[in-house]
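Put chain Z on the given structure of chain V with help from the hints.
Sequence lines, in order, name chains V and Z. Counted the way the working numbering counts, the first sequence spans residues 1 to 575. Counted the way the working numbering counts, the second sequence spans residues 576 to 859.
Just so you know, the hints here were simulated from the structure itself, not pulled from any lab data. All C-beta atoms, glycine included, are put in the ideal place defined by N, C-alpha and C.
So, partial list: chain V residues that the calculated Cβ filter (under 8 Å) puts toward chain Z: (1) Leu207; (2) Leu257; (3) Val420; (4) Val422.
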Amino acid sequence: MNIDLNLKIGGAAGQGLQTTGMALAKTFKKNGFHVFATQYYLSRVRGGHNTFQIRISDSSIFAMTESVDLLLALDGESIEQHLSELNDGVIVVDLDVIEVKENSDSIFHIPMLKIAKDVCGDKIYSNSVSMGAVIGLLCLERSDLESVLKAAFKKKGEEIIQKNIDAVRAGYNYVKDNYPGGCKFAVKDPDKKENMMLVSGNEAAGLGALAAGVQFLAAYPMTPSTGVMNYVAANADTFNVVVEQAEDEIAALNMILGASFAGARSMTTTSGGGFSLMTEALGLASITETPAVIFLCQRPGPATGLPTMTEQGDLQFALYAAQGEFPRCILAPGTPEECFYLMAEAFNIADKYQIPVFVMSDQYLADSLFTCPRFDASKVTIERHLLSNSQLSASKEEYKRYKLTPNGISPRALPGQAGVLVIADSDEHDEFGHINETPDNRIKMNDKRMKKLEVLREEMPAPKVYGNPDASLTLVGWGSTYGPLAEVVDILNDKGKSVNLVHFTHIHPLPVEHTRKILTKSKKTVCVENNSSGQFSRLLKVDADIQITEHVLRYDGKPFSPEFIIAALKEKEVI
Amino acid sequence: MVIMDDYGKFETAWCPGCGNFGILKAIKQALVDLDRSPDEVLIASGIGQSSKLPHYLRCNTFNGLHGRSLPPATGAKVANHELTVLAVTGDGDCYGEGGNHFLHTVRRNPDITMIVHDNQIYGLTKGQASPTSEIGMKTKVQTHGVFNMPLNPLSLAISLDCSFVSRGYAGNIPHLTKLIEKAIQHKGLSLVDVLQPCVSFNKLNTFKWYSERVYDIEEPGYELNDRVKAFEKSLEWGDRIPLGIFYVNEKPSFEEHIEVLESGPLYKNIPKTELVNKLIDGFI
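Just chain V, same shape as in the assembly (with noise of 0.2 Å):
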C-alpha cells in the first residue's frame, strides 16, 4: 500500500455531509482509487456532531482507521473532537463562519462562504468550493469530480451544474494560490483503473434479493436496516416486487410467511428491537416448515440503545430466539460482494430446507462505502425446490405437506396447485398438517425438523482462511469485520510476525467438522467481536469444542479499525 489517505469531513446534521461525501468518494473511485467510506451519525435529522470518513487507497480495503490526514470543518465541534486524530494533516475550515478555540498550526482557512457567494450568487455554493479545495489539496485533476457533479445534478438543469463547476474551480484555485504546503498531500491516481463498484453494504444485500428473484418484501422501517428496504422499493417496479409496509414487525413476518407459503419468494428486513417482536413468527415458520429470509441488521441494544451506531449484540439472540427448538441457519457477511451473494443463497436455502433463514449485517457493514470487483449476477441461481403439476399429478396419494423422509425435507406443493390441498398448522401436526397432540407423532415431527439442521450442516462451507494457514497466531472473526481483521493480518506480517484470520460468514449450522479442522491447527487464537461477550466464541465451543486463547472485544458503539484491534492484541500480550 503505497497510497493511504484519511479524509474526514465534520459537522451537523444537515449541513450536506452526506453529499459532500458521497460525491468525493464517487470521485476518489472515478480516479482509480480503493475507497472506504464511513458515517457516524446520531439518531436526528438537524444538528448534533456528525463525520463522514473517506480513506482511499491504492490497494483493497475494508476497514476505517483512525488517524486523520485532512478534516473538512464545517461546525466548531469538528475540531474540538477531531484534533487529536490528526496526523500531521490540514485542518480546511472557514473562519469567517465557524469560531475555533483551538490553536492549532495545521489550520488553513478558505473563506468558502465568501468564494461561493462572489463567484455563484449564493451561499449554498460553498460545499462545491470545499470539494474543490480538497481535490487540490490532494493535486488530482479536477475533471472526475467536475463529472461526478454533472450527473449529481442533472436533474437540476445547465445554469445548476455551471455553479457548482464554477464554486469547484474558484476552491481548487484558491488552495493553489494559498496552500503554503503546495502538494503535501499530494496523491498520485492509480495508472491501472479496475471495474470496480462503490456500494454499500444496504445497497449491496438489495442487490442480491432482486438477483435472487425476490416477490415480496414486507417490512417495518428501523434503522439501520431501512436501507435496504428502501433499495428493495426504489427498484420494485422495474422487478415486479411487492414492498409492502406492515403496521409492525410481527406483521411484517407473518405476512411474508402467507406469501411464501402461497408460492412468492419473500423476506423482511428489520433490527433487533423489530426482530424481538417477529420470535413468535420465527419459530411459525420453522413449525409450519415456510421459507423465510430475515435481513437483521444489528445496532447496539438492548431496548432503543444506540440506534444509529454498530455492534454484532445480536447472534446470540437470532441462535436461540423463540420458545421450543427448530431449525434455523445464520449467514454473515463480511463484504459488500458477500452481501450479495449470500443473500441469494439465503434464499435458495430457505427454499430447500423449508426453514427461516437470516443474514446479519450491522450498521458498520450497512451503511460504510466500499470499492469492490462488479459482482457477478450470472452466478446467482434460483432454486425454489417446489414440486412440479406433473409430479403432483402423478402421485396417487393424497399430498402430504409433511411427508415423513429420509432427509426430513418434505416435497413442497403450493395451495391450489394441481387441484392439492396444503395444510399449514402451528400446532403440532400429522404429515398432512391437522393437529395431532400424540407423543409417538411429537417425535417423529421434532425428529423430522431437527434432521433438517443437520443435513443442511454438511453443506456449509469451511471458514476462510486468510493468510498463511499455518501461522502462530490466528485471528477469528465473523461477519462483518472480515475487512479490518485482513487488514490486521497484512499490517502484522509486513512487520515480520505470523498470524493468520478464520473469517466465518456460515454461522449456524456451524460446520463443525471444517472449523475444528482448521482451529484446532490452531496454536493460539484470539476472537475479535463487537460485542460484550463474545458471543461468536461461545457458539464455538458449545458446538465445536474449539476454546477460544484471547478475546478482543468493542462495545462503545464504533467499529473496529486495524489500530484499535493491533493496540488490543498488544495490551493483552499476544504480539
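Chain Z only, in chain V's frame:
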C-alpha cells in the same frame, strides 16, 4: 358443480351445541353456493376455538398464531390473488391479541373475508372476559365483573371506512350463509362479525338471549353506502340487536393497487433478474 360432500365431514373438538357448528355449516354452504372448490379456497386462522375451523372442512389452510390470521392471509392473497381467502378468527383473537392487524388490514383493504366468531368470552382458555364481553359479566378473572368498555367491532370498522361491514348470528344459518356469500363476492375486506353463543362459558349471551333480540337490518330506505347512518345503527345494542349488512363502500382493493398483479398471480411471475446487471452498472 361443487357439492357439500366435497368439503368433507370431520370430527371436531368443539362442545356439543356450540355456535361454531352453525358458522362452519354456513361457510361450507356459502362456498358450495358460490361453486368454489376446496382447492381454490384458503382459510387462514389464528388460535382459539374458532381458529380450529379450517381443520373441519377440506380446504387449503394456514392455521397460524394467536391474533395473527390477517397478516398471513394478506400475504397469501398478494402472492396468489386467484385464491378465495377467508380469515377465520374470534373476538379474543381478532379484537384483542390481533387488534392492530385488524385496524391496518381494514386500511389496506385486501380482498379477504373475515369471519369473526364473536362469543364475547374466551373459550379455549376456559372462560375469561374478551374485548367484547359485556360490562358486569363476572368471570374467574373479572371477579368483580367486567368494567372495561366493550369494543364495538362494527362501529370501529365503519369508523375506519371498512369496505364491507356486517353482522350475522350462528343461530340463523340461512341468513348467515347469504351474508358470507355476499362478503366473499365483495371485492375488498369484508367483516362478518358473528354472534356465537358459547354454551360452556358464557351463561349470559345464550341462544335464547340472542334469539330474543336479533332482527334483520334490511328495510326499505336503508342505504348501504350511508356511513353515518351505518355508524348510528352499529351503536344499537341491548333489547334489539341488528343483523345484516351495515355498510358497503366499493373501493379498489389492496391487490388492485398493485400493477404487477394485473398480468397474473405474483408467485407465477418470472423474476426479471437479467436487469440486475443494469443496476450494477449504476455502481461502477
